[in-house]
Amino acid sequence: MCTGSVCTVSCGSGQTNCSGVCRDLTSDESNCAACGRVCPSGQVCQSSACVVACGAGLTNCSGVCRNLGSDNTNCGVCGRVCSAGQVCSAGACSVTCAAGQTNCSGVCRDLQTDNANCGACGRACSAGQACAAGTCVGQGALRFTLTWSITGDMDLHVTPPCGTEIYFGRPSACGGTLDVDDTSQRGPENIYWPTSFTPGRYYVCPEAYTSAVANATWTLVAIRGGVEVARRTGVRGRTDGSVVCNASFPGVVILDL
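For the record, in the sequence shown the residue sitting at position 114 is 114 according to this note's numbering, with numbers rising by one throughout.
Simulated from the structure, these hints should not be mistaken for lab results.
Just so you know, these numbers come straight off a predicted model, no measurement behind them.
Treat the hints with care, as some may be off.
What follows is a list of derived Cβ distance ranges for each label pair [unchecked claim]: (1) A33 to R231: 44 to 54 Å; (2) N60 to R231: 41 to 51 Å; (3) C78 to S105: 52 to 62 Å; (4) P171 to T210: 41 to 51 Å; (5) T102 to G225: 37 to 47 Å; (6) A34 to T151: 23 to 33 Å; (7) R224 to N60: 32 to 42 Å; (8) S105 to G36: 43 to 53 Å; (9) R201 to A34: 33 to 43 Å; (10) G12 to P171: 25 to 35 Å; (11) A34 to N60: 36 to 46 Å.
For glycine and all other residues, C-beta sits at the position ideal for the given N, C-alpha and C.
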C-alpha cells in the first residue's frame with residue numbers, strides 16, 4: 001500500500017510486517033511473539049511462545065514430552081497421576097493394560113513403538129534410533145519406514161533428489177541408508193538420513209519382491225526431524241521384480257520434503 005508517498009507492505013489480519021515480510025508471530029519459529037525472535041533448536045512457536053517440539057503421540061507437559069496414553073504421572077492429561085497399583089492405559093488409570101499394550105514393571109507399554117521397550121520390556125533403542133513395529137530403526141533427519149500385512153519379503157525403494165535409488169541392492173547412496181531389511185516377516189524396512197537430507201522430491205516405492213506378498217496391504221510412514229509428515233497405505237497386486245523407482249512405478253508415493 002502507499003502511505004505518505006512511500007510503498008509499504010500491508011499485512012492481513014493476524015500477521016505483522018517484519019522487515020517487509022508478513023509473519024504470523026504466533027507460530028513463526030524465526031519471529032515468535034516479536035520480529036526477529038528465533039526459537040532455539042528443538043523448539044517450535046506455539047501461541048507466541050517457544051516450546052519443546054514433541055514427536056507424534058507425545059504432548060509437551062511443562063517442557064517435557066510425555067505420552068499421555070501410558071505415562072503414570074501424566075495419564076490422559078498433563079499432571080494426572082495414577083494411584084498405587086494402577087497403570088495408565090489408553091489415557092486412563094486402570095489395573096490392567098489395554099489391547100496392544102504390555103505391562104512392563106507396572107507401566108503399560110506399546111512394544112511396537114516404545115523406544116525404551118522395543119519388541120520386549122526393557123529392550124531400549126540406541127541414541128539416534130526409534131522403535132517401529134517392534135524393531136529399532138535409524139531415525140536421524142529423515143526416515144521412511146515400511147510395514148505390510150502378509151508375512152514375506154516386501155522391499156522399500158527410495159529415489160531421493162540426487163536420482164540414485166536406495167534399496168537392498170544399493171543400501172547406501174546420497175547420504176541415505178537402508179539399515180533394516182526384513183525378508184521374512186511383516187516389516188519394518190527402513191531407509192534413513194542420519195544427520196541431514198537434501199530437500200526436494202522423493203520417490204518411495206513399496207515393491208513386492210515375492211508373490212507371497214503380492215496382495216499385501218502396506219503402510220509407509222515418513223518421519224522428518226522426529227515428526228511424522230506423511231502416512232500412506234496401498235496394496236501390491238503384483239510382483240514388481242526390478243522395476244525402477246520413479247514416477248512411473250505402480251503405486252509410487254511422491255513426497256516433496
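Structure-based check of all given hints:
no.	hint	verdict
1	A33 to R231: 44 to 54 Å	violated, 32 Å
2	N60 to R231: 41 to 51 Å	violated, 22 Å
3	C78 to S105: 52 to 62 Å	violated, 22 Å
4	P171 to T210: 41 to 51 Å	violated, 19 Å
5	T102 to G225: 37 to 47 Å	violated, 29 Å
6	A34 to T151: 23 to 33 Å	violated, 55 Å
7	R224 to N60: 32 to 42 Å	violated, 19 Å
8	S105 to G36: 43 to 53 Å	holds, 47 Å
9	R201 to A34: 33 to 43 Å	holds, 35 Å
10	G12 to P171: 25 to 35 Å	violated, 48 Å
11	A34 to N60: 36 to 46 Å	violated, 21 Å
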